[in-house]
Every structure is written in structure tokens, then in C-alpha cells.
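Trainee: The lines below spell out each chain.
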Amino acid sequence: MGALGKFWESSVGKKIVMGVTGVILVGFVIGHMAGNLQFFAGADRYNAYARLLKHDIIELTWIVRGTLIVSVILHVTAAYQLTMRNRAARPADYALREPQVSTYASRTMRWGGVYLLVFLLYHIGHFTTGWFHPAFSETGTWGNVAIAFKSVPVALFYLGAMALLALHLYHGIWACARTLGFARPSANPLQRRIALVLAIVVSVGFSLLPLSVVLGFVR
Amino acid sequence: MSAGLNLTLHVWRQAGPNAAGRMVDYKATDISPEMSFLEMLDVVNERLIESGGDPIAFDHDCREGICGMCGVMINGAAHGPMKLTTACQLHMRTFKDGDEITIEPWRAAGFPVVRDLVVDRSALDRIIQAGGYISAPTGSAQDANALPIPKQDADEAMDAAACIGCGACVAACPNSSASLFTSAKITHLGKLPQGQPERYRRALSMVAQMDLEGFGGCTLFGECQEACPKGISIDSITQMNRDYLWASLTKREEKKVAGAG
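Listed in order, the protein sequences are those of chains A and B. If you count by this note's numbering, then the first sequence holds residues 1 to 219, one letter each, in order. If you count by this note's numbering, then the second sequence holds residues 1 to 261, one letter each, in order.
In short, the hints are calculated from the structure, not lab data. Check before you lean on any hint, since a few could be wrong.
[Unchecked claim] Over the 10 Å line for every Cβ pair with chain A, so calculated as not near, a few chain B residues:
1. G53
2. A144
3. R201
4. D211
[Unchecked claim] To give an idea of the interface, some chain B residues facing chain A are shown, with a C-beta separation under 10 Å as derived from the structure:
5. A3
6. N6
7. T8
8. L9
9. H10
10. Y26
11. K27
12. D30
13. I31
14. S32
15. A109
16. S176
17. T219
18. F221
19. A227
20. T238
Glycine included, C-beta positions come from ideal geometry on N, C-alpha and C.
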């Protein structure tokens, strides 16, 4: 087995892969969220932004998409394999084990991650390809959003995903700094201010779109 | 002398490594609050023997909190409810009259149950054997002050060196990961000049052995740090990951013919 194979076989190696792909994906959600906020600058601005990404710089968009697809595949594969190993590492469970300090966020990483993956596939089919959209328009991206979130179940599904994304980022960003080894020694290593701020900013930023439509602020 | 405690114990009983185990209830009556947890088990065992029963097997040795033998899961927490202590240093005054106490062995694929509350922790020894040492040449020891070590490094190395190998980190971890144990040794030796020559080879081989023993991976729940009777920080896991990453990036082929001098 080569050096790369050994690295991928090791539990620490897989976690480092999850950390690196996690950094890429966190960078993406921050950019995606910032871009989305142009929704509130009106239909013209938002549609022009969509046109920029989907036509003017489509080659660049595909490079980013390719990177993201590879990142998601690696992130999910490593997470699945590590989860299976971790389950196997405790063949007989305790009758009683009380979590002492682990956060709710850390305990939702697995099923929350599955929800986010389902959400991701739906989301691409919803707003990128239009398969799941009732009245998809190639050029009217602003309208696509405004129509889609009139449906309360759809808006709730998105808001649920954003709540889980917040939890995922709250644990993931903090854990990532430790997995990649750049967190400095701390008197209180469980503290995670940067992760908290980023988790709130990203999830609230995204949630503003469905919230504004479903609550009737944007028509 | 305060009044004795009357407790109900739920204890894991298992006759041997391959036997099926089950939880068995015992009454522990008139237990002195001044007893240690292990002394309470001693009393229960005395009475079991007197009544012709089979005493509960549990590991113990120094009974002063430094040998690492006595870990058990007590009411869902490794070494019980008191922080920074081993089970032998946990005293019965921590409990109230009428309490129910669930006592279980460490649960991990890497820690097979030998009998009742006793598990085989030799997997931890094999992780140490994989690289948790320094190779020192023979001869007279050089003067200790000849190697300057920054105070902070010395402190961090000493904190990590406090590990007693009890296995509470593995037991408390939802993934049964031995990351805190392994990383404590990697940090202890990696912070000191004597540990440098083997530092990166050590990270690779100890992590490989840790995986081989069937322990899970770290997802940074943080439970290990809370359970550790010696208060070892998850900062050492960060150190292990950093060393492992650097070791993987800079690994060189070992020469087959050269190097003989």
C-alpha cells in the first residue's frame, strides 16, 4: 500500500480528509450565503448575479462545482466509513452511559449530516436543474426563489436544514481546527467562539430568504 | 461516625471472556460514607463469600489513584461522578442513602471483558510498544541542564505524561476511541528534545497500532478529557493530528543499503 493509501486507511488520515474538505465546504457556504443576500436587492440584481455564474463565468463555476462535488464525496465517504468503524469499536454497549460534556451539536453530526446530504440533492434539483420546482425559469432566478418558498412545507424543510447546518458548523468548524492541528493549546479547549459566530451568521443569512417569503415580507 | 448507607447495586456479571453476561442486583447495606468505592465492593464481596456466593471480580492495585488499574463505569460515568479521580479515590460520601448505582466494565472492542468488571487493557501496552518510547544510547547520563527546554514545553510534556493508562478515555468515548491515550504519549515525548528523533515515525506507528487494536476514531465529543482522572487535555489530540499530518507529508523512504556508517 502506498503512502496515500495508508493515510486514507488510518482513522486520523480520514479525519484530516474530512477537515480539509470541511474547510472547502465552509468557504463555499459562506460565499453562497453572501451571494444569496442579493435576493433582497431586487429581481434584476439577483437575476444578473445568477446570469454571471451560469453564463459569463460558467467555466469557473464548473471548476468550483467539480471541487465541491469531490469534496462532498470524500467528506461523506470518510464520515460513513468512520461511523461504521466507531460502531464496531463498541460491540456491547453500556446499560447506562451519561454524556458529560459532549454538545448536542456533536451528537447530531451523523444524522444531521444525512439530512444535509438529502437536502443538498433536493436543493440542486430544486434551484439548479429545476426538476423539483413547480414553475422553474432558466432566467428568472429571483422568481424561482420567491415562488418556491410560498410553499410552507418547502420553506420548513429549508429552515430545518439551516438549523442542522448551524449545529454541523458549530461542531465541525471547531473540530476541524483540532483535526488539522492548527488550534493552539487552550486552558478551555471546549470553547468555540469563532465556530459559534460563523454557524449563526451562515445559517441566519441563508434562512432570511425562506423566512422573508413565507412571512410575506417579500412578494 | 455518620450513619451507614443502604444502596442498591446493579453490577455486570460475566463468568468469563466468552460467557454471556448480565446485570445482577445486590443490596449493599450499612456502608460507611468514609469507605472508598473499592472498599464498598470489598464489603459486598465479603458478604457474598460468607453467604456462599461468587464475589464480583474487579481490577485494583495501588488504591491511591496512580496505577490506573481500577477503572469501572459508575452510573454512566468513567470512574464515577467525581472529576479528576479514579474509582479507588471515589468515596462513598459522594452517594446518598437509598441510591442505586450501576457498575459496568469499560466497553470497547479493544478492551475485551475478562470477568465481571475486569477488562484486558493490553491493547494500550501494544500502542506504547509501537512507538511510545525513546531510544536512548547506553553510557553515562549527560547533565540534565545540558538540554535547555522551554518551561511551557516542559509543563505540557509533564501534563501529558501524567497518563496512567487506565482506559477511562476509551470507556467514556462514544466511539471507544483511544485517541486521548495515544496522543498523550505522542505529546509527552514530542514536546521534549529527547523525543525528537523518533517523533514523526512515532506518530505514524502509534496511530496505526491504535487503529489495528479496533479502537474507534476521534470525533471530538470531549468526553475523554472530562473522564480523565489526570485531567489530560484534548489539546494533545490536536498535537497528535498535527504530528500525524506532518509525518505523512514528510515521510521518507528508509534506506535499505546505506546508513551503516
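Trainee: For each hint, tell me whether it holds in the structure or not.
Mentor: We went through each hint and held it up to the structure:
The claim that B:G53 is not at the interface with chain A holds, since no C-beta of that chain comes within 10 Å of its own (minimum 21 Å). The Cβ of B:A144 lies farther than 10 Å from every Cβ of chain A, with a closest approach of about 25 Å, so its non-interface assignment holds. Once the 10 Å rule is applied to beta carbons, B:R201 is consistent with being away from chain A; the minimum gap is 13 Å. The claim that B:D211 is not at the interface with chain A is violated, since a C-beta of that chain comes within 10 Å of its own (minimum 5 Å).
Interface hint status for B:A3: violated, as the beta-carbon distance to the closest one in chain A is roughly 27 Å, over 10 Å. For B:N6, the shortest C-beta to C-beta distance to chain A is roughly 20 Å, which exceeds 10 Å, and the interface hint is violated. About 14 Å separates the beta-carbon of B:T8 from the nearest beta-carbon of chain A, more than 10 Å, and the hint is not met. At its closest, the beta carbon of B:L9 sits 12 Å from a beta carbon of chain A; the interface hint therefore is violated under the 10 Å criterion.
A least Cβ separation of about 7 Å between B:H10 and chain A falls short of the 10 Å threshold, and the interface hint therefore holds. Proximity of B:Y26 to chain A is violated relative to the hint, the smallest CB-CB distance being about 15 Å (cut-off 10 Å). Hint status for B:K27 relative to chain A: violated, with the closest Cβ pair at about 18 Å, above 10 Å. The interface hint given for B:D30 is violated, since its Cβ lies 25 Å from the closest Cβ of chain A, which is over the 10 Å cut-off.
Using the Cβ-Cβ criterion of 10 Å, the hint placing B:I31 at the interface with chain A is not satisfied: the shortest such distance is roughly 20 Å. Interface hint status for B:S32: violated, as the beta-carbon distance to the closest one in chain A is roughly 25 Å, over 10 Å. Interface hint at B:A109: satisfied, since its Cβ lies 5 Å from the closest Cβ of chain A, which is below the 10 Å cut-off. Against a cut-off of 10 Å between C-beta atoms, the interface hint on B:S176 holds, since the closest Cβ of chain A lies about 4 Å away.
Here the hint on B:T219 is kept, as its CB sits about 7 Å from the closest CB of chain A, short of 10 Å. A hinted interface residue such as B:F221 counts as satisfied when its beta carbon comes closer than 10 Å to some beta carbon of chain A; here the least separation is about 4 Å, so the hint holds. Here the hint on B:A227 is kept, as its CB sits about 7 Å from the closest CB of chain A, short of 10 Å. The beta carbon of B:T238 comes within 5 Å of a beta carbon in chain A, closer than 10 Å, and the hint placing it at the interface holds.
Violation of the numbered hints given earlier is confined to hints 4, 5, 6, 7, 8, 10, 11, 12, 13, 14; the remaining hints are satisfied by the structure.
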